[in-house]
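So the protein lines, in turn, are chains A and B. Converting from the first sequence to our numbering requires adding 54 to each position, the first position being numbered 1. Converting from the second sequence to our numbering requires adding 4 to each position, the first position being numbered 1.
Keep in mind that the hints are not guaranteed to be accurate.
Stated by the list, open to error - DEER-style ranges, computed between Cβ atoms: (1) B:T49 with A:R155: 23 to 33 Å; (2) A:A468 with B:N263: 27 to 37 Å; (3) A:P397 with B:A358: 51 to 61 Å.
None of these hints come from the bench; they were simulated from the model. Source: prediction; values computed, not measured. C-beta atoms are modelled at their ideal positions from N, C-alpha and C, and glycine is treated no differently.
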Amino acid sequence: MSPGVERRQVGMVRAGVDVGPTNTDAALLDDAGRVLATVKVASVPDDPVACVRAALGALPPHESAQVAVGLRGAATAVTRRRGLRRVAVLRISGESGRAVRPLSGWPEDLRAAVSAGTATVAGGGGLDREDWTPLDRDAVARFAASAAGAAEAVAVTGLFSPLDGRQEREAAEIIRAEAGDLPISLSAELGSIGLLERENATVLDAALSGFAGAVAEGLAETLSGLCPGAAVFVTRGDGTLMSLEHLARHPGLSLGSGPASVLRGAGVLAGLHDAVVADVGAARVRVGVLAGGFPEEAVRGAGIGGVPVGLRIPGLIRVPRPIDPAELAEAVDRLQPGPARLPLVVVGGGAHAVPGGLHPAHGLCAGAIGAAVSPVGGQYERIVRLPSAAAREAVAEEARAAAVRAGADPRDVALVEVAETPLDYLPGSFVRLRARAAGRPSHL
Amino acid sequence: MREIGIDRLDDLARGAGILGTGGGGDPYVGKLLAREAIRRHGPVTVYDIDEVPADATVVAVSGMGAPTVLLEKLPAGTEELTALRALEAVLGRPATHIVPIEIGGVNSMIPIAAAAQAGLPLVDGDAMGRAFPEAQMVLPTLMGVPNTPMAVADDKGNTLVVDTVSNQWAERITRAACVQMGCQVSCADTVLRGDQLRDGLVPATLTLAENLGKAVRRARAANADPVRAALDVLGGVKLFTGKVVDVERRTTGGFARGNARLEGTGTLELSFQNEHLLARRDGEIVATTPDLICVLDTDSGEPVTTEAMRYGLRVTVIAAPCDPRWASPAGLELAGPRYFGYDCDYLPLRGRYAQVT
Chain A
55 MSPGVERRQV GMVRAGVDVG PTNTDAALLD DAGRVLATVK VASVPDDPVA
105 CVRAALGALP PHESAQVAVG LRGAATAVTR RRGLRRVAVL RISGESGRAV
155 RPLSGWPEDL RAAVSAGTAT VAGGGGLDRE DWTPLDRDAV ARFAASAAGA
205 AEAVAVTGLF SPLDGRQERE AAEIIRAEAG DLPISLSAEL GSIGLLEREN
255 ATVLDAALSG FAGAVAEGLA ETLSGLCPGA AVFVTRGDGT LMSLEHLARH
305 PGLSLGSGPA SVLRGAGVLA GLHDAVVADV GAARVRVGVL AGGFPEEAVR
355 GAGIGGVPVG LRIPGLIRVP RPIDPAELAE AVDRLQPGPA RLPLVVVGGG
405 AHAVPGGLHP AHGLCAGAIG AAVSPVGGQY ERIVRLPSAA AREAVAEEAR
455 AAAVRAGADP RDVALVEVAE TPLDYLPGSF VRLRARAAGR PSHL
Chain B
5 MREIGIDRLD DLARGAGILG TGGGGDPYVG KLLAREAIRR HGPVTVYDID
55 EVPADATVVA VSGMGAPTVL LEKLPAGTEE LTALRALEAV LGRPATHIVP
105 IEIGGVNSMI PIAAAAQAGL PLVDGDAMGR AFPEAQMVLP TLMGVPNTPM
155 AVADDKGNTL VVDTVSNQWA ERITRAACVQ MGCQVSCADT VLRGDQLRDG
205 LVPATLTLAE NLGKAVRRAR AANADPVRAA LDVLGGVKLF TGKVVDVERR
255 TTGGFARGNA RLEGTGTLEL SFQNEHLLAR RDGEIVATTP DLICVLDTDS
305 GEPVTTEAMR YGLRVTVIAA PCDPRWASPA GLELAGPRYF GYDCDYLPLR
355 GRYAQVT
């Protein structure tokens, strides 16, 4: 029985692809998450679109309604300083922030490769409405005039823009009017408090927009031939998916997506929402934790190429191969969140080298399977004073909206978590609210 | 006399993070501020307490407010000087030296930036020997030295100088002003004469922070235990190694309070308010403020702040002795467990462990 036949029996078929440095895996799943087929093909170096084409082509004939792809190119482009656009960097903050200029924490060679000039203009906000100052539109226009010709992309970061992104959008309009059709990245869409990390992520998004745009375009074209009518998504580091359009705007979000998909796929294959997962590769074992179906995050936010960007990526312990069983056992033990021990799920090409734990079928292709079953996600955070039900709902709504922007079905988006952290050293109940939402991929 | 250049800031910031005892703010932003200031104005000269002339005018420069807000609302880089100039105008004489008010956290770095900007030397020491949450919790309070006049400046250029009847009142008034000024301000206060530094400061804490940061970095590079390395520098004791299995936070009255439960061989319960203040192992108190209770990431030796405490973290809790002056009755009244609302007495590390001297 071919999977194509089965599809007519069970409904929608989903494909997942995991483009690794050596191999590319693909998997075909039915609506209920059952694995219909898996394949492994050799990766084509530096050509993710060709990898996806080869892997999907090796699957049995199918008509997938959805294809989700895991890519690892964004971080590589930054670390190799290759295929990066030159970015004009605009910060809207007035006097605040002048002590640490844009790009000041960056490695010299990366800054030289990316920067097409920086400017700080008046505007930006604060925790209170009265703290906002008007945007200096003339200064933005001067910045745009100097960027025209010198820059291939623009990054705009406004002080407290996650609370209100209007000034960033206003600046983007002025830049478009002045400098023409440059790609413009806005920091408010990343949704996290912390100006420097958000600005770094926005600049890298702009720098990678050419690379990501080309990948998105190539994937769209390839898949419209291979899987006509399928909705296409790519994986991100927090264990969710985003649309190709979202990838083109925020390529940095794909950082850490490989391990995130493996963790989720291993859980699905083992039928577990909470587990410690060992992904046994050729050179090393990566051990991480799946909590409530989502990868557990690293304590510190991610960095790319020596630049802190604060993005959410899985927390992993790496154990080299050949495996020292004691070292692996210690890593697994360290990741156990409490005395009630979680089961260990062992997946990956070298899983046979680890005798203990659960070895689910198709564990070789956990990354591709994880991509196929992931929801589309979004997140948002804000500092509020005296958190009320209305404030919590507003933050939740922003997170749901972020998930919909990334390609989630608006009818299906649910909150994953709302975390509340009181701010230190301030009287009067200031709290940071952070919400995450996720939903079924939208098939428009 | 020596100099602090850009190359020494990483170690200093790492060590200051550990000395922050869970609070004081992540020194990362402070490090960028100090680096930028040194890049623009050159390295900062540092003097030992003994090298400062008796008639010197030594001013503490610091940041006040929420470290989380500081991550978004970065300083303009002029606030420290604005505060310093406002204070000098009231004093009627210029500052000759700058000193950190606290060595723990981001306030170890802000005076370095301020000293570079002002072209003034820095004194190697601080008024706490750790991090504390309130302005009156400084050794000069024990000497009867007022922390006012205290000048406060925001990023917009607003300044406020207060003169108060007690150091506690300075805390109350400026903390309320800080919220109105955008939750993050710079302060210049606690003026000491050179001949008051022995009584008013914990000596050589910039050097301590740098040595601590260096030891952790070197241990990590040599695949040795970074927590052990930190303990050796601090002369402290390891209280517990385990995983965070529960974190509970609530806001009552002023500051946020919280508890964290760790499991390993037995359990350890940590109570925190901005900083880690109390540790109970298997129900028994094993360390209290004002001794330093530091939570370190077991793998990297990096400090874990109270805001970052969350389920699943693998940490080692260590304790180190406070400056002996904090263990006096007056010191405990200012910063002992009862001040923070815990119904227990100070349990000194000194005398219970051979390695704590």
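Hint check results:
1. B:T49 with A:R155: 23 to 33 Å: holds, 25 Å
2. A:A468 with B:N263: 27 to 37 Å: holds, 30 Å
3. A:P397 with B:A358: 51 to 61 Å: violated, 43 Å
Checked against the numbered hints above, the structure violates only hint 3.
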